[in-house]
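This is what each chain is made of:
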Amino acid sequence: MSLKAFHIVFIAASALLSLGFGAWALADGGALSIAAAAVAFALAAALAFYGRRFLKKVARTGYIAGGRL
Amino acid sequence: MQIPFTVAPRPDTGVNNAKLGVWLFLASEVMLFGGLFSAYIFLRIGAPEWPGMVGGHAYERASDILNVPLATLNTMVLIGSSVTMVMSWASLAMQRFDRYRLYMGATIALGFVFLVVKAFEYGEKFSHGYLPAENNFLAIYFVLTGLHGLHVIGGILVNMYFMWPGARMWKTDPKRFTNRIEIAGLYWHFVDLVWIFLFPTIYLL
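So the protein sequences, as listed, match chains C and X.
Under our numbering, think of the first position of the first sequence as 1, with each following residue one higher.
Under our numbering, think of the first position of the second sequence as 1001, with each following residue one higher.
Derived from the structure by calculation, the hints contain no laboratory data.
Take the hints with a grain of salt, since some may be wrong.
Unchecked claim - Quick list of simulated restraints, FRET-style, between CB atoms:
| hint | chain 1 | residue 1 | chain 2 | residue 2 | range |
| --- | --- | --- | --- | --- | --- |
| 1 | C | ARG52 | X | MET1160 | 28 to 34 Å |
| 2 | C | LYS56 | X | LEU1205 | 23 to 29 Å |
| 3 | C | ALA13 | X | ASN1067 | 30 to 36 Å |
| 4 | X | VAL1143 | C | ARG53 | 36 to 42 Å |
Where a beta carbon is used, it is the ideal one built from N, C-alpha and C, also for glycine.
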């Protein structure tokens, strides 16, 4: 597995962690925890967006497309 | 004599020797951390209470003892460092050595930020007398996070080598140097991925 493929796996795992952390914070209750949950969900969305962009770049750009995914 | 298959893939394995070597090393690391995660699971299953008695007080949740906001900050620091690490490799692939220096410097800096935050967290525990000998929870917490911290230190040392003395190879053999950064990046991503599993397991669940 190349670095680019491992990076995509890592970003996917990080996005899942952010979602899980958001759910954990929501279950905790409290105003601060709800704010933390909102930040976590926003981070999960940002990571998903970044991962998608990176994946597109992998497919499009020659230097990244060269070699195995 | 030139060492064969340092950059070009070997016909029998389909990858170059450096990549095969780092994946074999990472497989041994999976077994090391896997064994400790198993120890954590069995300790937890066998414990009547978790985390249990710490400093004469019975705790029901790990998050009541550990500093979740600091650990969350460290999680974001490591995610950021993975992005800068992959960008440093991509910069070399695009023949942008100046950008490589910038992103690799950021990766090293973020690694140090992680360690400083961790040291602060450890200091907080020590000041309360929360030591590994206190109970099984703190013992496995210090072993797992300490071992992970040592891996971060190792990664920083490797990255610093490629930032300064090792970077001379860029002038003589740029393809091989780019490949070396990819290999270092694989290790760094592995260390970050371990934390992605450690954080929820120890701090949240």
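- Violations among the numbered hints: 2 and 3
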